[in-house]
Amino acid sequence: MKYPIGIQSFEKIRINGYVYIDKTEYIYKMVQEGSAYFLSRPRRFGKSLLVSTLEAYFKGKRELFEGLDIEKEEREWKVYPVLHIDLNAETYSEPSDIKTVLERHLNAWEDKYGRDTREQTLSDRFYGIIHRAYQTTGSPVVVLVDEYDKPLLQSIHNEPLQQEYRAILKAFYGVLKSTDAYLKFVFLTGVTKFGQVSVFS
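Here our numbering is used: the first residue of the sequence shown is 2, the next is one more, and so on.
Hints listed in this document are in silico derivations from the structure and should not be mistaken for laboratory results.
This structure is a prediction, so every number in the text was calculated from the model and none was measured.
Take the hints with a grain of salt, since some may be wrong.
Below, computed lysine-lysine pairings styled on DSBU-like, alpha-carbon distance capped at 30 Å [stated by the list, open to error]:
| no. | residue 1 | residue 2 |
| --- | --- | --- |
| 1 | LYS24 | LYS100 |
| 2 | LYS13 | LYS62 |
| 3 | LYS13 | LYS3 |
| 4 | LYS100 | LYS73 |
| 5 | LYS30 | LYS79 |
| 6 | LYS100 | LYS30 |
| 7 | LYS62 | LYS185 |
| 8 | LYS73 | LYS30 |
| 9 | LYS60 | LYS24 |
| 10 | LYS100 | LYS60 |
| 11 | LYS62 | LYS79 |
| 12 | LYS3 | LYS62 |
| 13 | LYS60 | LYS79 |
| 14 | LYS113 | LYS178 |
| 15 | LYS185 | LYS79 |
| 16 | LYS73 | LYS24 |
| 17 | LYS113 | LYS13 |
| 18 | LYS113 | LYS100 |
| 19 | LYS60 | LYS113 |
| 20 | LYS73 | LYS60 |
Have a look at the derived ranges for each label pair, beta carbon to beta carbon [what the hints assert, rightly or not]:
| no. | residue 1 | residue 2 | range |
| --- | --- | --- | --- |
| 21 | GLU64 | LYS171 | 37 to 45 Å |
| 22 | GLY139 | GLY18 | 44 to 52 Å |
| 23 | LYS73 | GLN121 | 45 to 53 Å |
| 24 | HIS158 | GLU104 | 37 to 45 Å |
| 25 | LYS24 | THR193 | 33 to 41 Å |
| 26 | ARG119 | GLY18 | 23 to 31 Å |
| 27 | ARG119 | ASP23 | 17 to 25 Å |
Every residue, glycine too, gets a C-beta built ideally from N, C-alpha and C.
Could you build all of it, start to finish, from the sequences and the hints given here?
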């Protein structure tokens with residue numbers, strides 16, 4: 002038996018035959034019963050693997066779910082546009098760090114869904130991407146955010162820096178409220194729940 006120690010990719014686990022504890026029945030129920038979730042757990046509690054599993058599901062990768070509980074429940078395996086934001090892998094110590102990470106994600110999505118040069122701010126570009134993804138695919142958008150709060154946790158002893166991060170993230174995550182009509186599912190993970198970040202207000 003191969004154990005997936007430190008592996009956070011659902012696709013890698015399934016393709017390479019690692020042991021996988023099947024909880025997909027609960028994932029299916031979660032998707033059917035709600036459209037927006039926030040999961041708060043300590044690090045190393047499987048949050049990133051859950052995000053990876055949701056991404057595979059919403060991308061319609063049925064072959065990865067063969068033999069799992071969700072295969073018995075899902076009939077359509079519809080493909081949705083997925084915007085996956087991973088804030089976990091970076092270090093945040095300068096004002097530009099969070100902007101750099103968000104820019105990288107936005108650039109990749111704009112390569113796929115196009116860009117309107119009138120969109121200048123990070124939040125305006127995020128809004129435009131969601132809208133264009135919805136229009137070009139004809140399907141509502143899935144947004145997955147892993148470790149949404151890492152920049153805030155890493156700046157917790159630097160109040161001016163944390164306030165700057167809060168302002169950026171409040172505007173960025175606030176887009177999820179104004180684009181609700183274009184969204185299928187929103188899932189955020191983190192270690193704690195920060196107020197004044199718009200997602201929770």
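Okay, the hints, checked on the actual structure:
1. LYS24 x LYS100: violated (35 Å)
2. LYS13 x LYS62: holds (13 Å)
3. LYS13 x LYS3: holds (12 Å)
4. LYS100 x LYS73: violated (42 Å)
5. LYS30 x LYS79: holds (16 Å)
6. LYS100 x LYS30: violated (35 Å)
7. LYS62 x LYS185: holds (17 Å)
8. LYS73 x LYS30: Distance ~12 Å between LYS73 and LYS30 Cα, so the pair holds.
9. LYS60 x LYS24: holds (18 Å)
10. LYS100 x LYS60: Judged against 30 Å, a Cα distance of about 27 Å means the pair holds.
11. LYS62 x LYS79: Given that 30 Å is the threshold and the Cα spacing comes to 9 Å, the pair holds.
12. LYS3 x LYS62: holds (22 Å)
13. LYS60 x LYS79: holds (7 Å)
14. LYS113 x LYS178: Given pair LYS113, LYS178 holds - Cα atoms ~23 Å apart, limit 30 Å.
15. LYS185 x LYS79: Answer holds: LYS185 to LYS79 is near 12 Å, not above 30 Å.
16. LYS73 x LYS24: holds (13 Å)
17. LYS113 x LYS13: Roughly 24 Å separates the two Cα atoms, so the pair holds.
18. LYS113 x LYS100: holds (20 Å)
19. LYS60 x LYS113: holds (15 Å)
20. LYS73 x LYS60: Between LYS73 and LYS60 the Cα gap is close to 18 Å, so the pair holds against 30 Å.
21. GLU64 x LYS171: 37 to 45 Å: Between GLU64 and LYS171, where Cβ atoms are some 39 Å apart, the hint holds.
22. GLY139 x GLY18: 44 to 52 Å: violated (36 Å)
23. LYS73 x GLN121: 45 to 53 Å: holds (48 Å)
24. HIS158 x GLU104: 37 to 45 Å: Violated, since HIS158 and GLU104 (Cβ atoms, about 26 Å apart) do not stay within the stated range.
25. LYS24 x THR193: 33 to 41 Å: Violated - the Cβ-Cβ distance for LYS24 and THR193, about 23 Å, lies outside 33 to 41 Å.
26. ARG119 x GLY18: 23 to 31 Å: violated (49 Å)
27. ARG119 x ASP23: 17 to 25 Å: With a Cβ separation near 47 Å, ARG119 and ASP23 fall outside 17 to 25 Å, so the hint is violated.
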